[in-house]
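Residue numbers (the working numbering), protein chains in the order written: chain A, 2 to 835; chain B, 201 to 821.
Please keep in mind that the hints were generated in silico from the structure rather than gathered at the bench. From the three backbone atoms N, C-alpha and C, an ideal C-beta is built for every residue, glycine too. Among the clues, some could well be false.
As the list claims (entries may be wrong) - In silico lysine to aspartate or glutamate, EDC-like type, Cα no more than 16 Å apart, as pairs:
hint, chain 1, residue 1, chain 2, residue 2
1, B, Lys618, A, Asp663
2, A, Lys640, B, Glu657
3, B, Lys641, A, Glu609
4, A, Lys626, B, Asp743
5, B, Lys288, A, Asp693
6, B, Lys236, B, Glu277
7, B, Lys422, B, Asp743
Said to hold, decoys possible - Covered, in the sense of this in silico footprint (three residues per stretch, anywhere, with C-beta under 8 Å from a C-beta of chain A), are these stretches of chain B:
hint, stretch
8, 252-258
9, 351-358
10, 592-599
One letter stands for each residue in the lines below.
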Amino acid sequence: MPIMYNTGEWFKVRPDYYRKVELATPDWPLDLDLEYMLVVAAPYGGPLAATRDPTKLVPVKGTARPMVRIFDTTGRETGHILWNHGKLIAMGWSDTEDLICVQENATVFVFDMFGREKESYSIGDEASVTKILEAKVFQSSAGTGVAVMTTSGRIFLKQNSNKTERKLPDIPNSSINCSCWEIVTEGRNSYCLLGREREIIKLFPGETVGTITANLFEKPHDKIIKISVSYNHQHLALYTNTGLLWLGSVDMRQKYCEFDTGRKDMPLQMEWIMNTHNSEADAVVISYPSYLLIVNRKADRSDFPYDPMMFLVPEMDGVRIITQSSHEMIQRLPKCVENIFAVNSQEPASYLFEAQKKFEEKSYKSDEYLSMCRDKIDLAVKECIQAASFEFCPETQKSLLRTANFGKGFIHHHNPDEYMRIMRILRVLNTLRHERIGMPLSFKQFSHLNPEVILSRLVFRKHYAVAIQVAKHLNLPESWILEHWAYHKVMNDPNDNEVARKITEKFKNPSVVGISFCNIASKAHQAGRDELAIKLLELEPRTWLHVPLLLKMRKFDRAVGSATQSGDTELITQVLLEMKMHMMLSNLHMTIRDYPLALNMYKKIMRESNRAGLYGIYNTESDHKAIAEYYFQNAIESKSLESNLSPIGNAYSQGRCPLEADLCADTSRLLKLQKVLDAKYKAGLNGMSVHDTILALLQLGELKEAERIRNEFKVPERRFWWLRVLTLSERSKWDELEKLSKSKKSPIGYDPFVEVCLKQNNIVEARKYIPKCRDQRKVHWFMRANLWEEALDCAFEQRDLHSLYELQKKDALVNDRHLLSKVCGFIAALESRK
Amino acid sequence: MFPHLKGNGQRVNLKLLQEAACRELVQQLEGIEGAKAIVLDEAMIGPLDLVTRPKLFADRGIRLFALRPELPQLEREVTNVVYVVRPKVALMELLVRHVKSSPSGSGRQFHILFLPRRSCLCVSQLENAGVLGSFGRIAELPWNYLPLDADVVTMELGQAFRDVSVDGDTSSLYQTAVGLVQLQRLYGRIPKIYGKGEQAHRVWEHAKQLGRDERSLYHGDKGVIDQLILLDRSIDLLSPLATQLTYEGLIDEFFGIRQNKVTLPAEHFPSEGTAVSGGGGGGVSSSRGDEGQSLLTDSEKKTILLHSGEPLYAELRNKHFNEVTKLLARKAREIHAQMHATSQDRSVQEIKSFVENLLPQLMAQKKATSEHTAIAGLLHEQVNADAFADDLAAEQEFMVCADLDKPSAYIEDQIANKAPLRTVLRLLCLQCTAASGFKDKLLSHYKRELVHVYGLEVLLTLSSLEKAGLLHQQTESRAYAVLRKTLHLTVDDNVEVNPKDISYVHSFYAPLTARLVEHSLKPLGWQSLKSQITNLPGPTFEDFQAQLVGIGGRHAGPLISEGSLLHVPRVVLVCFVGGCTFAEIAALRFLAAQEDNNVEFLIATTKVINKHSFLDSLMGS
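Sequences are here, hints too, so could you generate the full structure?
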């Protein structure tokens, strides 16, 4: 197979191929010379921090004060930290791209990638007092932690500011200094491996003392000077002062090989190269000044001359090498790439690739190549797609995807999902790798981090436009990106109107859903821009969401407004309670009077908790009727109606309720009268109503007094008659009752007379009055009086068939043959007459 | 478990609602670790019974207690006490007392489930009493509408109308809106909305605002409910005051139906029934703590379940009472005939199958028939009382607008006799409503009379009624008198047996609300109705909730299928804001039973009310 694509970067470390991939060349600032710098870089193409290496002699430029400078991978400076603290021991990046700096007194400072301090904490008092010698930032299952070694040789681990530090067991025979150490994570635990002379000491948390492993090497050496643990914490590499390299498993039970590098100089760095196709590692890369060495488990090597200074950054699928003039990645060559591009490859994908090329050249040979891979064409297509995902060069990606596209035409029912997915992601990756963004991620890293994290990293770097495009492209929600953009605007644009206008403009787009103006507004509030916050809140249609922030800002007026608009009474109550805590009562009253619902709820709260407070609010409202009722209620409850009648009446008359006021006056007059009468008759009249007073007097037979009350309070004649009729019948004064009935025409008719007689079971008396009733009532009363004969006659007289039918059903008639025949006769007669 | 929710093939399956409510409760309970006991606010016992069965609690080893001033006796291992309460500040005092009386070393944790909303007032009350720390979980159980029957959901808020109209507390309106959104969540978007009345309008405004966030509602096709009609109680105050003459309505008015249950003196019922009928209904009460009291109630009182799960009651409930007696007699004859027809001329095989299959069914029918005959007997006594007839006659005079502008002699006689205040006020309010208000002089006259007889305190009650709009000065438009004619609210040739018109529920008066619904069913009904009901208070409104058409517009499909669905009855959700009566429900069911209408109703109400409970809620302070 002809060589045409980047195979020049390939090199062989038997039996595998590795390759160096060139990433965007960094353009370091002129005043940055990596040779004198201490550099730490975050994985996943993250930022890197550089500070002057204090161990190297440097021509001093500018200020002597130490400074930590932060760059992205393209050499753009994103921020710097003027180091005003004590001696900086170590730096490292957390998995959330925060820069962790450890100081000599065991204080840890955390900065974001723009050099803004986020927090600081200390790793325990002991470490702080004894001072620390070295520190390491390590990754574990619980996030990024910090390990420090004190001058007394003790090692402390701290996961983050919230957790307490843990001390690792003491080093046995600690009189001898350690030459190197490394933190390893195993499951949920992190432990330390120390190299001391010819032995490795393992300090496992919880154990009392470290375990020592010696005699790992066969060849002679003085001491181990470098330890390196692979990215997946499975493999261990040791390096001695005599240039011997030991590769093995991290538990040191298995030894892969021992290799003599033959070099006497100190290596700069040593890192394992993780495989691209699985999470294993087969080789280590060791950097020396101007020289790079790669050694694999099978003890084969490959080496390159290099820039004098380089920094290795271990990744999950390779190692990045950053130098003054280049940025490269060493990775194991993916098998699929090898299959396609290897010299003399016999793999179907390789034939397919060639077939496609010939096809483009319009050469008949295309068919020949195609026939060579026809039977395995689906595998070939799959490999092409896969290979494309590993490529960094867009041209190569394109030709591989073109090949896949060509090949899938020959497959029945090919499912293009994978092809589409890879294409989408590659487009995103190419954007990210562009020097403007400077996040050189591999496909594997991208999948591992997952798109949401990538988006949030983009947003954090303020690449809002790119983030939105990426989100759209990957069908992810984009509204939160806009929200972040808005936060940014809120924090940095000083013009309130301008910000509000820009934000509305951007958010008008109906396709943007789920924007929370409240979140943005609360950011504005945090930034101390309440005016802007209110402007932003006005954009939010769901008024109930305004309330918490408005309360926080003490904008009670608006909070009440928003809460009432939402109609949520519970929310209104919350606002009112809050207001009561923070406001003068009179102010509160004035504020809520414009919101009837809030006013009602306030009254309700007051009624339940503090009735006296109601008076104030009624007073503010000049609601005199309510004041009257308020007095009234109190008077009833305290059983002091009499003394309160005049204020109640006054309030009623102020409230334009003349009738009620009048009645109050009546009542107080009545109470006075009752006292006089009570003195006379001892009838216990006090507190009775007018009606009951008259009734009581009539029952006493005091008609005169009763009539006086009646006249005094203008009791209608009807009711007075009723009272008389009732009392007379109750007292069985039948003569007087009759006299009354004859005294003049009854204003209440004669039905009541019948009724009261019947109530007393006096049929004889009742009979006297029935004829005086209205005709249509007569039958009714006869029936009620059980005067069946009369009822029948009366009904017949009035030709009241309906009543006759009803009578016919009565038990009394059914059982009485005479009556029954009579009623039947009547009914027959009336029916025939119809 | 809930036979009455099954209905006969209703399109809206209320079991979903029941299950959803149950799920929410279980979720809350499962969030609390350890053995628990539940203490129920008295007002919650009934509602809880509507959606849960005692088994639910028994399976989890949870005992239920009613909320009493004293903390119930609990076993040592019960480490959690869960209060299920309405958010009433007054109840918190009991809780405070419970917490303080609980021994401090017991390690007992208290929890509150507020229904339907957590109340900050209550919480601050607990805080002020210094016991807030003893409460672990303070959460809310967002139960708004609970299924009462296969076609009725209720919020069990008896004070709703009063709260809104007298106190201006619109919580119930907001909760109704939340309830409507919840219903839509379960049964899908309701495309068309009609409504009348100010509070109804407010409910809809809230519901719309709340629904805006429920994007799921606006995607996909519409739900099972085709239409919503929101009716404000304040547009028709006559119907809740009127005497209901349906079987169910009468039972409610005389004995009070509480969450499908009525409690009656046991002496009127054959004693063998008690053990059987207890099983389904008295779940909560039987498992409650104080045995002493429940024993007492068991022997003297009998609780009868009244819902459509029982076929006989389903048949009787909505009938006019005069028809019920006849139906019961016929039923008894039928059962008798069936029992006896089988005893002769049968082979052993036939008798065996009879005994196995038919007999239990017949026995159940017999039991139901005897039960309802007893209830009907009790009602008969009441209905035949003179006072009932006289009241009814007076009421019906008002309904036909006879002599509305004069003091009513009947009311005056009642006042003179110092009849119970509630009776008098009911008639007074009826007259006022029918007359669309009193002239100033007449109102003053009545007020003076009432104060003379019942004392000055009656002014406070009258003030409440005035705020509620039951007593007021005359308005220009005589709404009732006009609508009586235009909407035929009173019918001359009324039939109580096998009726042709909804007016049978009050013998000759058709509830305005039901009449409005009836008219809206006609083609262009609401449009023509709009101009007729302008004289009723509050706005007449309509709204549409269209589907948000996404890009691509792939919505040609449902249009075609809709045509083929024409014969399927449409479902109309009638939502009463402020309560409705059984008579109104009966009228709507009557409408649904008419095949021409081709409609199914789901009735939502804040509470099923009657003339007594309605007035009681307004008269209390």
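Now the hints, each set against the structure:
1. B:Lys618 to A:Asp663: violated (22 Å)
2. A:Lys640 to B:Glu657: Holds: A:Lys640 and B:Glu657 sit about 12 Å apart, inside 16 Å.
3. B:Lys641 to A:Glu609: Violated: B:Lys641 and A:Glu609 sit about 36 Å apart, past 16 Å.
4. A:Lys626 to B:Asp743: Violated: A:Lys626 and B:Asp743 sit about 39 Å apart, past 16 Å.
5. B:Lys288 to A:Asp693: violated (39 Å)
6. B:Lys236 to B:Glu277: The hint holds at about 9 Å.
7. B:Lys422 to B:Asp743: Cα-Cα ~15 Å, so holds.
8. 252-258: violated (count 0)
9. 351-358: Contact hint for the stretch 351-358 of chain B vs chain A: violated, 0 residues under 8 Å.
10. 592-599: violated (count 0)
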